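Asker: Here is what each chain is made of, one letter per residue.
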Amino acid sequence: GQQVMQIPQYQHVQEGEDFTTYCNSSTTLSNIQWYKQRPGGHPVFLIQLVKSGEVKKQKRLTFQFGEAKKNSSLHITATQTTDVGTYFCAGHAFNDYKLSFGAGTTVTVRA
Amino acid sequence: GAVVSQHPSWVICKSGTSVKIECRSLDFQATTMFWYRQFPKQSLMLMATSNEGSKATYEQGVEKDKFLINHASLTLSTLTVTSAHPEDSSFYICSASKTGFGLAGEETQYFGPGTRLLVL
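One line per chain: the protein sequences are A and B, in this order. Numbering-wise, the first sequence is residues 431 to 541 according to the working numbering. Numbering-wise, the second sequence is residues 89 to 208 according to the working numbering.
If you are wondering where the hints come from, they were derived from the structure by calculation, not from laboratory data. Take these hints with a grain of salt, some might be off.
In the PhoX-like style, the derived pairs of lysine-lysine whose C-alpha atoms are separated by at most 20 Å in a straight line are [stated by the list, open to error]: (1) A:Lys489 x A:Lys466; (2) A:Lys528 x B:Lys102; (3) B:Lys108 x A:Lys528; (4) B:Lys143 x B:Lys102; (5) A:Lys500 x A:Lys486; (6) B:Lys152 x B:Lys186; (7) B:Lys143 x B:Lys108; (8) A:Lys466 x A:Lys528; (9) A:Lys466 x B:Lys129; (10) A:Lys500 x A:Lys481; (11) A:Lys466 x A:Lys487; (12) B:Lys152 x A:Lys528.
Predicted, not measured: the structure shown is a model, and the values here were computed from it.
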C-alpha cells in the first residue's frame, strides 16, 4: 500500500532560523496536504497542493510539490515560537479517497 | 465554513464500559466521514471510513465489532468503543469531507477537535 514518509521526526530550531521538513511518497500522489497540530490540539489544515511543481506561500511558510508528484516540502523562514507544533503531510493517491499521513515533524523553538 | 465538532472532548471510563463519540459537521453536509486514532507522539492512523447510509469500511487490523460506526445522516457520525480496555486509551479524531468517492484530487478533510479517551 501507499506509504508516506516524513523527515526529520524532530526539529529543534533557534528562533529566527529557517528549517525545512520533507515528505516522500512511495507512489504518485494526486494531491498533498499539510497540517499543523499544536501540542494538545488537533490537526489544522494548512494547504493543499495539486499541480506538479506547484509552490505556494503562506507568509513565512513555503510549500512545494515535486515535479513527479511524489515528494513535497515545507520551508519555514525566521522561525517564531508560534511555529511550535507537529507538521504532518498527507497525500491522496490517484483514485484513492483515503489520506495517508506522514509520521510528522515535531518542531521546538529555542528562544 | 467547514466546521466539525466532536463530543465529548474528554472521557474517562472504567474498563468494560462502552463509550460513544459524536462527530458533527456544523455548516456543511458531509458525504464521507473518517475516524482516526492517534497515540502519543505518533501520527494519525485511519480506523474507518463511513458514508451516510451505508456500512463503514474498516482498515486492516481494526475490529469492526469493537469500534461501531454509524453514519445516520449527512451531518452526524458516531463511533462507539465497546467494552473499552486501557489499551483503547487514545486520541480519537474524526474528519469530514464534502465530496464523496472518486474526487480525491479535490478533497479536503476538515478535522474535528478530537476526543481523548482514558480507560481505567
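Asker: Compare the structure with the hints numbered earlier in the document and write down the numbers of the violated ones, lowest to highest.
Answerer: 2, 3, 4 and 6
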